[in-house]
Amino acid sequence: MSLTDFHRFKELARQENVVFYYTGYFSQSIVTAMGDSLRLRLASLDASQTARRKLFSVFVEMAQNVVHYSADHLSASAAADHEIRMGSLWVGEADGQFYVVCANPISAEGVEHIRAKLEPLRTMTNDEIKARYKEKLRAEGEAGSKGAGLGFLTVARDSSNPIEFDFVEETDGKPFTTFYLKATI
Amino acid sequence: MQNLYIAPTSSTPEVNFQFDRHQLSLRGESYPENAHAFFGPIMQAINAYLPTLQSTQVTLDVQLAYFNSSSTKVLLELFGLFNDAAVAGNYVTLNWHYIEDDETILEFGQEVADDFTALDFNPCSLVE
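Taken in sequence, the protein lines are chains C and G. With this note's numbering applied, the first sequence covers 1 to 185. With this note's numbering applied, the second sequence covers 1 to 128.
By construction, these hints were calculated from the structure, which means they are not laboratory data. If you're wondering where the values come from, they're calculated on a predicted model, not measured in any experiment. Glycine is no exception: its CB is placed at the ideal position from the N, C-alpha and C atoms. Check each hint, because a few of them may be wrong.
Claimed, not checked - Calculated Cβ distances over 10 Å to all of chain C for the following chain G residues:
(1) SER10
(2) GLU33
(3) THR52
(4) LEU53
(5) GLN63
(6) ASN90
To be verified - Here are some, though not all, of the chain G residues that point toward chain C, as calculated from beta-carbon distances under 7 Å:
(7) TYR31
(8) ASN68
(9) SER69
(10) ASN83
(11) THR117
My request is simple: use the sequences and hints to build the entire structure.
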């Protein structure tokens, strides 16, 4: 990429009010560092305390999803600690609202599993999401989940609009599909 | 038994359990990479401490500005242990500190109070 292209890239991000963008390998220490940076940026922006807290919450849940579940990993795939996995994360502002978008590779089998979890959350009311969250909080952990199995519900709970998601097949021959998730605060 | 102190980090809270004074506190933020790994030794210490109590007044101060979903689940388990100790004849006060306009943390505290009725739940509003 030429430096002029970098400039176009930077200008596009500025025009689109991108507060923050990271792509690469995610580890917990990178999540923490990004979190610190995000908070500094938010402190200088005109956002309510509630919006900042919800944005931070959505950011952490999405970024930790990359650390735990992205199919492209540097750490051993079965590792429970010090995981390092590939993904991208954007925080931006559009029409006076903040959004967080996360992208990470998943296996082809993961697509239907994630779709089945997320599709119902798009049509549920906020009260229904909170009720499902309470139920799940008290339920036994789900097989294969490294956290509490509450991440997507937390993202949906803290979003003011229905969450959006998509799956895009890789064109470079890699056996991955990229999973995109967007939440608007 | 030995008191337990763990210094805070950006993603883990300060843990200050003064078992000799029956005053335990958690303060800061909680979004460790692995909540079970972080809270495991804390749960063990609590599990060793609670059976030693007899009609004891215990004060638990929780002042967490943010906790992620997996920490939320572990916190619920932890409060369950204190509720059992209260049912067994002890007195447990849970001082639940939350920032005034933070609905999420207040609501979670109220759920804890609804689930674990043996706890003396005391919401403490902090003005930011």
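query = So which hints don't hold here, by number, going up?
reply = Violated hints: 1, 2, 10, 11; rest satisfied.
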